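S.K.: Below are the chains, spelled out letter by letter.
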Amino acid sequence: MRLLKILLIVTLVLAFTFCSGKRYKTELSFANKLAKDGLWKEAYMRWQRVQTAGHDSAALHNNMAVALEQMGKPREAQKEYEQALKMAPGNQNITRNYDRLKRFLDIKKRRGKYGTKKKDKENEK
Amino acid sequence: MKSKHMRIRIPALAAVVVACLVLSLTFVGCSNKFMEVRIEVPGYKGIDFAKYDRLLYADLIVESTPKGYNPETEVREFFLKDLPGILSKDIEAVDAKGKTADEKIEWAKQNQKDPGGTLLITGKLVFDVKTRSKVEEVKEHGKRVKRFVKLQNWGLVLEVVMTELETGKKIFEKEFKEKMAGADVKNPKYNFEALFFKQNSRLQKELTSAKRTQRRYLLRD
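So the sequences go chain by chain: A and B. Just so we're aligned, residue 1 is where the first sequence starts under our numbering, counting upward by one. Just so we're aligned, residue 126 is where the second sequence starts under our numbering, counting upward by one.
Check each hint, because a few of them may be wrong.
Derived Cβ-Cβ restraints for the label pairs, each shown as a range [to be verified]:
1. Lys102/A to Gly193/B: 48 to 54 Å
2. Val141/B to Asp106/A: 55 to 61 Å
3. Glu165/B to Leu4/A: 51 to 57 Å
4. Leu105/A to Ala175/B: 38 to 44 Å
5. Ala175/B to Met71/A: 39 to 45 Å
A short list of chain A residues far from chain B (calculated; beta carbon distances all over 12 Å) [as the list claims (entries may be wrong)]:
6. Gln48
7. Val50
8. Glu76
9. Lys79
10. Glu82
11. Lys86
12. Pro89
13. Thr95
14. Arg100
Chain A is faced by these chain B residues, among others (derived, beta-carbon under 8 Å) [unchecked claim]:
15. Phe159
16. Val162
17. Ile164
18. Glu165
19. Val166
20. Val219
21. Asp220
22. Gln339
23. Arg341
24. Tyr342
25. Leu343
26. Leu344
27. Arg345
In case anyone wonders, no lab produced these hints; they're calculated from the structure. Because the structure is a prediction, the values reported are computed rather than measured. We treat Cβ as the ideally placed atom computed from N, Cα and C, and that holds for glycine.
Isolated chain A (complex conformation) (with noise of 0.2 Å):
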């Protein structure tokens, strides 16, 4: 009975160490909850706030891109990708945003600013 006693409490420790881990990892996940709730300029504060105390990673990155391109801040947005890709080169889901957002960029410059005199593509039946 005492050997089961010391089993679920090692368990249990072991769970909260594995999950709970250090107090950036909780900011972390309360931030993104923050984002997917639609709280994009709260969760980068947070973020901010993670990377100000000396917490860097490639997902802090990522996530403050995301955050800046829904405030509409595509050119900070492309250096945080590329910093995030240069903690992680590999990441897929870091080098899928990376591109979306490459392309919206490509487009804005091939379409020129909003309201500026540009010609229109031809059609041609």
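Fit chain B to the known structure of chain A by using the hints.
M.R.: Structure of chain B alone, referenced to chain A:
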């Protein structure tokens, strides 16, 4: 003896099962490496027409009109009847014939009691119709004979400019080009409408485009 062993075994088994369950749930929960979200990606921002009290339309300058055809009616109908419906805002016509685009803006500014909150729509419509002859076999009196047949290639450029009267700032300026090869020589109205309606759809999309959403992935450490 047997029952004592059983009393120890069942709780032990239950504890092991619970432990495994807790560990596996923990592992699964924490190893979900990414989370899918949707973000708004700005497309071409539509103009906020609600902030303008009045929309004025000064007839487009029409150049190189094909012989025997005047598109004024169709063009006016679009800008004064169709476009207001799309923008949910009335558009008034102003008579500024014979004036250049810049002159129209100045003229409209001087002739409005209060130019504030007024948007002026001006622009240009340029035709480019090329006619050529081609030898083709045609049926005449039951016989197939070779005759010269006229063919036309139509090009149409629609330029639309929207200017804030008070500030003189151009908030929209775009050119739409359409071409049609092998157009019907005898039906200029049809040829014009075919091209003009395509340009109208594109103009509408530009003026009313909404934001798009795209998938992105948030990562967990």
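S.K.: Does each hint fit the structure? Answer for all of them.
M.R.: Consistency of the hints with the structure:
Here the CB-CB span from Lys102/A to Gly193/B is close to 51 Å, well matched to the stated 48 to 54 Å. Checked against the hint of 55 to 61 Å, the C-beta distance between Val141/B and Asp106/A comes to roughly 57 Å, which is consistent with it. Here the CB-CB span from Glu165/B to Leu4/A is close to 54 Å, well matched to the stated 51 to 57 Å. Between Leu105/A and Ala175/B the Cβ separation comes to about 30 Å, which falls outside the hinted range of 38 to 44 Å.
About 24 Å separates the C-beta atoms of Ala175/B and Met71/A, a value inconsistent with the hinted range of 39 to 45 Å. Residue placement check: Gln48/A keeps its beta carbon more than 12 Å from all beta carbons of chain B (closest about 15 Å). The beta carbon of Val50/A is not kept farther than 12 Å from every beta carbon of chain B, the shortest such distance being approximately 10 Å. Under the 12 Å C-beta cut-off, the non-interface status given to Glu76/A relative to chain B holds; the minimum distance is some 14 Å.
No beta-carbon of chain B is positioned within 12 Å of the beta-carbon of Lys79/A; the least distance is around 16 Å. Look at Glu82/A: its CB is around 15 Å from the nearest CB on chain B, clear of 12 Å, so calling it non-interface holds up. With 12 Å as the threshold on Cβ separation, the claim that Lys86/A sits away from chain B holds: the shortest Cβ distance comes to roughly 15 Å. Every CB of chain B lies more than 12 Å from the CB of Pro89/A, the least distance being 14 Å, so the non-interface label holds.
In this structure Thr95/A is not separated from chain B by more than 12 Å, as the shortest Cβ-Cβ distance comes to only about 10 Å. With 12 Å as the threshold on Cβ separation, the claim that Arg100/A sits away from chain B is violated: the shortest Cβ distance comes to roughly 6 Å. Nearest Cβ of chain A to the Cβ of Phe159/B: about 5 Å, under the 8 Å cut. The hint holds. Nearest Cβ of chain A to the Cβ of Val162/B: about 6 Å, under the 8 Å cut. The hint holds.
The interface hint given for Ile164/B is met, as the beta carbon of that residue sits about 4 Å from the closest beta carbon of chain A, less than 8 Å. Interface restraint check: Glu165/B against chain A, minimum CB-CB distance 6 Å, threshold 8 Å, status holds. Evaluation of the Val166/B hint against chain A yields a held restraint, the C-beta minimum of about 6 Å falling below 8 Å. Checking Val219/B against chain A by beta carbon gives a least distance of about 23 Å; that is not within 8 Å, so the hint is violated.
Residue-level restraint check for Asp220/B is violated (minimum Cβ-Cβ distance to chain A is 26 Å; threshold 8 Å). The restraint placing Gln339/B at the interface with chain A holds, with a minimum CB-CB distance near 6 Å, inside the 8 Å limit. Taking 8 Å as the C-beta cut-off, the interface hint given for Arg341/B holds, the closest approach to chain A being about 5 Å. At a threshold of 8 Å, the smallest CB-CB gap from Tyr342/B to chain A is about 4 Å, leaving the interface hint in force.
Among the interface hints, the one on Leu343/B holds; its C-beta lies about 5 Å from the nearest C-beta in chain A, closer than the 8 Å criterion. For Leu344/B, the interface hint holds, the least distance from its beta-carbon to any beta-carbon of chain A being 4 Å, beneath 8 Å. At a threshold of 8 Å, the smallest CB-CB gap from Arg345/B to chain A is about 6 Å, leaving the interface hint in force.
Violation of the numbered hints given earlier is confined to hints 4, 5, 7, 13, 14, 20 and 21; the remaining hints are satisfied by the structure.
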